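Chemist: Now for the letters of each chain:
Protein chains: 2
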Amino acid sequence: MKTIGANYTGDGRCIFTVWAPEKKSMTLLLLDPSEREILMDRGKWGYFSVELTDIKPGTRYYFKPDGGKPYPDPASHFQPEGIHGPSAVVDQGAHTWQDQSWRGLSFQDLILYELHVGTFTPEGTFEAIIPRLDDLAATGINALELMPIAQFPGVRNWGYDGVYLYSVQDSYGGPAGLKKLVDACHARGMAVFLDVVYNHLGPEGNYFDQFGPYFTEKYCTPWGNAINFDEEWADGVRDYISNNPLHWFEHYHIDGLRFDAIHEVFDMGAVSIWELIHTTVKVLERRLGRSLHLVAESDLNSPKVIKTPEAGGLGFDAQWLDDFHHALYVLLDKAGRDRYADFGRMEQLAKALTDGFVMSGEYTTFRKRKFGASSAGIPGDRFVAFNLNHDQVGNRVSGERLCHLIDFERQKLAAAVLLLSPYVPMLFMGEEYADESPFFYFVDHSDADLIHAVKEGRKQEFAAFSSDTEPQDPFEIETFTKSRIQWEKRTEGKHRIILEWHRKLIELRRTEAVLKNVAKNDIRVTVLGQAGLVVHRQSVGGYDYLIGLYNFSDEEVSYELPGWVLGWTKLLDSKEPQWMENGDDSSTLLPAQAKPGQVVTLPPCSVTVYAGQVQLPVDAPV
Amino acid sequence: MKTIGANYTGDGRCIFTVWAPEKKSMTLLLLDPSEREILMDRGKWGYFSVELTDIKPGTRYYFKPDGGKPYPDPASHFQPEGIHGPSAVVDQGAHTWQDQSWRGLSFQDLILYELHVGTFTPEGTFEAIIPRLDDLAATGINALELMPIAQFPGVRNWGYDGVYLYSVQDSYGGPAGLKKLVDACHARGMAVFLDVVYNHLGPEGNYFDQFGPYFTEKYCTPWGNAINFDEEWADGVRDYISNNPLHWFEHYHIDGLRFDAIHEVFDMGAVSIWELIHTTVKVLERRLGRSLHLVAESDLNSPKVIKTPEAGGLGFDAQWLDDFHHALYVLLDKAGRDRYADFGRMEQLAKALTDGFVMSGEYTTFRKRKFGASSAGIPGDRFVAFNLNHDQVGNRVSGERLCHLIDFERQKLAAAVLLLSPYVPMLFMGEEYADESPFFYFVDHSDADLIHAVKEGRKQEFAAFSSDTEPQDPFEIETFTKSRIQWEKRTEGKHRIILEWHRKLIELRRTEAVLKNVAKNDIRVTVLGQAGLVVHRQSVGGYDYLIGLYNFSDEEVSYELPGWVLGWTKLLDSKEPQWMENGDDSSTLLPAQAKPGQVVTLPPCSVTVYAGQVQLPVDAPV
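Read top to bottom, the protein sequences are chains F and L. Counting along the first sequence from 1, when you hit position 380 you're at 380 in the UniProt record's numbering, and nothing is skipped either side. Counting along the second sequence from 1, when you hit position 537 you're at 537 in the UniProt record's numbering, and nothing is skipped either side.
Check the hints yourself; a few may be wrong.
Where chains are identical, the list cannot tell them apart; a pair therefore holds if satisfied intra-copy or between any two copies.
As a list, the in silico EDC-like pairs of lysine to aspartate or glutamate whose alpha-carbon atoms are at most 20 Å apart [what the hints assert, rightly or not]: (1) 218 to 264; (2) 482 to 544; (3) 504 to 127; (4) 368 to 235; (5) 459 to 209; (6) 489 to 11; (7) 24 to 109; (8) 516 to 183; (9) 218 to 231; (10) 459 to 109; (11) 368 to 217; (12) 307 to 264; (13) 368 to 478; (14) 570 to 544; (15) 504 to 209; (16) 570 to 512; (17) 368 to 231.
It should be emphasised that the hints constitute simulated quantities derived from the structure, not laboratory data. The model shown is predicted, which means the values in this text are computed figures rather than measured ones.
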């Protein structure tokens with residue numbers, strides 16, 4: 001690992017290193033305490049470096065390639081004056097960590113919670129999150145997933161316009177703030193994931209071309225030039241990217257990374273950037289002695305993504321399972337077919353639950369081609385499932401959350417299918433209490449051309465959905481402030497019920513051994529026409545049996561409970577009074593105990609969970 | 001498999017099928033016996049088709065997308081009037097095959113022979129090759145590999161500008177000529193390989209855009225737009241390409257395909273076009289009951305290329321091993337470092353022999369990046385090795401072959417290292433007798449802009465090598481005629497000696513069991529400084545031992561023969577009188593028999609092969 005950036009090692013010692021393989025010289029311009037210039041040494045492989053012994057943490061600096069204009073450090077750890085300003089030296093040893101006993105969590109045990117630092121609290125900082133952690137933990141959430149926090153233009157951005165991949169957004173609280181948050185999470189048994197973007201770099205404040213060939217024109221991404229992973233001089237770029245996970249894991253004690261849109265990373269090399277990352281992280285994981293998780297956002301539906309390099313895969317531990325969202329959502333909201341034209345059949349949700357990818361080679365009208373390959377047989381903890389995420393909300397013209405689109409009963413259904421699924425579930429901030437703030441797309445660029453381009457792009461994107469609604473102006477500050485969640489509502493009325501419902505489901509997931517079969521080779525689904533489905537789980541080598549009965553329809557549905565158990569005990573019933581928004585109708589309640597083979601009537605829009613034990617054969621040892 | 005093109009099934013019946021997913025209508029325009037137009041039926045998946053019952057083989061036709069201009073059939077089997085002319089119906093059942101008992105050859109047994117149909121004989125046709133087959137077979141060659149034969153512009157082309165991938169070049173003799181050649185080869189126990197190009201289509205006569213989205217701008221190749229394997233509408237393109245191998249195997253009894261430049265084929269889909277081809281071909285192989293070989297030209301140095309899809313690979317049976325060429329050639333011609341700056345050490349040839357890829361992750365100055373991954377442990381029959389091929393000759397400004405670049409003794413050395421290597425060897429036409437014709441780059445375009453572009457491109461390509469020689473004009477007919485080999489020279493003087501030397505080496509390869517260990521886990525190489533090397537082979541589970549002693553230097557080199565054999569018997573000595581161009585010097589001959597541990601003196605530029613049997617332990621059963 002080549003340590004790039006400003007590496008402060010204590011006692012005023014700091015090594016500055018920057019990669020610029022085609023430059024003849026590199027000048028370090030220090031701004032504090034007064035301006036001075038130092039010519040750096042040209043080392044091997046295109047790296048310039050210089051070690052100084054009189055540097056104070058916080059010192060601001062620029063690099064001047066070939067003695068020209070000053071630019072921020074591509075590997076800057078901190079940009080205290082924003083994306084265009086100088087970089088600052090960070091003493092990564094300054095924080096006194098309290099998490100010595102933290103060993104991370106097993107991926108299968110996670111309840112992920114995606115949040116946007118800027119809108120999760122009124123303050124929009126890392127530190128402001130801390131007071132809410134106990135409430136999140138009480139609900140059962142044990143892993144935060146922060147939307148990208150690398151320095152982006154201005155103060156309002158989802159984070160995907162981040163440029164300095166080693167830096168921590170100044171307006172969020174910078175490096176010190178992030179460390180406080182991580183320490184506070186670990187103290188509560190919560191893991192922290194970061195969303196990192198390696199498919200492109202933000203357009204504004206991107207001076208990387210001044211240093212080296214970070215980009216290639218061989219491939220195109222929707223966001224501009226692709227990053228150069230396999231052309232001339234790619235090694236320095238590969239160092240820059242493949243060391244980035246180590247930076248977060250080592251300096252910030254991060255537990256896992258979510259890699260944005262890996263399908264827009266192009267690398268034909270014999271060792272892909274993902275294999276390189278897998279290999280370096282697995283080495284670090286053994287050294288640190290705690291779990292480090294690598295999760296891909298992939299729009300490929302390719303099982304190779306989550307296979308090891310030895311098995312010909314990319315080496316991710318898990319990937320987001322978009323198909324689960326599409327299959328479930330369109331069953332709950334018929335209007336959803338506008339966006340997800342290829343979904344809408346109950347069998348697709350069944351396939352999502354048993355196999356993973358719904359599109360496993362089928363033709364899709366959305367893509368106008370066949371798509372995907374089968375993921376049958378892949379364990380459940382290799383997939384992250386969700387009913388909501390920043391994209392599903394923010395890429396709607398009015399930023400609608402699921403609770404804006406479907407009624408109360410269906411919200412309960414959606415949560416149950418997700419949280420009792422064989423996949424690692426992820427909630428989007430506020431989802432656990434049906435927060436009703438929209439989540440808009442917002443940016444804070446200062447480049448006029450860019451502002452125009454973003455506005456036009458958004459209009460075109462929404463034009464496809466023939467909506468009359470004018471998209472919210474991404475540059476307006478209200479677009480940002482309106483996107484803040486309303487945390488105070490979580491204890492009120494229907495919000496409180498939804499919150500309790502989530503807590504109950506997570507508790508079931510934690511306590512019922514049957515739901516913990518990661519291999520998920522036990523799962524079977526009975527499709528009840530287009531009305532609903534029954535999910536069967538059986539414990540590994542054991543006698544426990546659990547069924548989840550889901551009625552998505554507005555009609556009652558009869559179902560004969562399986563006969564191969566000794567008897568059924570109801571664990572959950574969405575029609576019980578405590579889960580009802582407007583009073584209750586106990587006449588629709590299913591029996592607390594039921595006989596094998598008993599026919600039950602599932603009320604409209606309901607979920608019921610029964611547990612039983614498999615009947616012993618007559619001559620089995622008792 | 002969707003049968004595209006004109007599928008003549010006998011008795012005047014012919015089904016015409018063409019893919020044009022975004023066209024509203026398609027008209028078949030028949031030219032014979034008189035012009036008539038037939039509106040085709042729009043079927044599923046964007047295919048138009050019509051079945052007629054009054055078609056004669058040879059009937060010429062065009063398609064008119066949306067009733068507009070007429071264009072040739074993208075899946076034309078024959079373009080009797082060239083690339084811009086009408087397509088013609090071919091009766092693929094017309095040829096009476098004589099090769100019923102042909103079951104193909106095992107890949108490890110092949111001696112490949114790459115030839116360019118246009119310059120292999122004065123006639124430049126398939127049929128003109130046939131009279132030369134017996135001579136080739138007598139030398140030991142048992143597989144022809146034809147440079148691309150799909151219809152290209154004009155009559156002079158290497159073939160990489162081919163457009164109609166299902167057609168057979170008219171000037172070579174069309175479908176009937178190719179079948180005669182294949183049948184004649186099979187009758188002599190020779191296999192036939194075709195070079196196919198799926199990374200781009202030639203620029204001239206390329207009307208594919210009139211039919212469908214065959215190309216994508218998402219990726220760039222050095223030859224223009226990449227073929228659309230993973231974007232909207234890709235399925236029809238994938239059908240077009242993935243059925244092409246079946247066309248050659250079924251209709252033309254072809255035994256193997258060499259896929260041009262697979263590193264310029266971009267496909268992020270869950271099932272890559274190569275996996276699709278692998279799968280369909282393996283099914284066909286079982287059905288036909290004969291060996292079908294898939295060989296890649298790959299500039300990736302990635303072992304994935306030759307792994308099965310089940311193991312995460314692309315599914316090729318073998319790939320070209322360029323590193324072997326580079327490592328050996330630069331040791332024989334110091335000037336070779338101009339072109340292959342990263343080669344020139346004896347250890348690299350040793351690695352090429354034991355592992356395969358020489359560049360297995362090392363930084364290369366040529367690429368300005370680290371390149372490749374290790375192929376150690378991969379069996380020898382997964383690689384094709386060569387000292388010469390169309391590119392190595394034709395991409396030199398004067399079209400020099402190896403025999404123009406190195407002296408007679410070194411030519412013998414080169415042939416021995418190749419033909420006694422653990423890899424499947426390939427010769428380039430005329431190489432077996434050191435043919436001295438150049439092999440130039442030649443084309444025959446009719447498009448003026450294209451002519452200009454090609455000329456400029458060639459100049460720029462050679463500019464990198466700071467040569468004073470003006471490149472041959474690719475459009476001059478003499479450039480083509482000068483590239484014809486001089487077959488008649490093979491029985492004369494030094495040419496006859498080189499020919500016999502090849503015959504002898506191939507015979508050794510065939511008869512010495514030790515050389516047949518495909519797993520090549522037995523191979524060891526002793527590097528003799530930068531002077532030469534000794535290749536050790538030991539038979540699998542047996543007692544046979546063979547060493548090849550190679551002295552590349554102009555000095556004598558001493559070597560102590562291994563002591564763990566009972567005794568050594570010389571099998572080959574390049575200094576024996578029969579192999580010498582200008583008389584002989586028997587004083588340099590190595591002993592016909594040698595003792596274990598005997599020190600021998602290798603003459604300058606020599607190769608000697610000894611065989612022995614491993615000594616039994618004292619108490620071993622005899």
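Chemist: Could you run down the list of hints and mark each one as holding or not?
Modeler: A quick look at each hint next to the structure:
1. 218 to 264: both (13 Å within a copy, 10 Å between copies)
2. 482 to 544: So residue 482 and residue 544 fail the 20 Å test inside a copy (47 Å) and across (82 Å) alike.
3. 504 to 127: neither (28 Å within a copy, 80 Å between copies)
4. 368 to 235: Intra 36 Å, inter 9 Å, cutoff 20 Å: inter-copy only.
5. 459 to 209: neither (30 Å within a copy, 30 Å between copies)
6. 489 to 11: So residue 489 and residue 11 fail the 20 Å test inside a copy (49 Å) and across (80 Å) alike.
7. 24 to 109: Answer is neither; intra-copy 52 Å and inter-copy 54 Å both fail.
8. 516 to 183: neither (28 Å within a copy, 63 Å between copies)
9. 218 to 231: Answer is both: 9 Å inside a copy and 16 Å across each meet the 20 Å cutoff.
10. 459 to 109: neither (41 Å within a copy, 63 Å between copies)
11. 368 to 217: Cα proximity of residue 368 and residue 217: across copies only (17 Å, versus 26 Å in one copy).
12. 307 to 264: within (19 Å within a copy, 25 Å between copies)
13. 368 to 478: neither (38 Å within a copy, 49 Å between copies)
14. 570 to 544: within (14 Å within a copy, 75 Å between copies)
15. 504 to 209: For residue 504 and residue 209, the Cα distance exceeds 20 Å both inside one copy (52 Å) and across copies (58 Å).
16. 570 to 512: Classified as within; 13 Å inside a copy, 76 Å across copies.
17. 368 to 231: So residue 368 and residue 231 pass the 20 Å test across copies only (8 Å; inside, 31 Å).
Of the numbered hints stated above, those contradicted by the structure are hints 2, 3, 5, 6, 7, 8, 10, 13 and 15, listed in ascending order.
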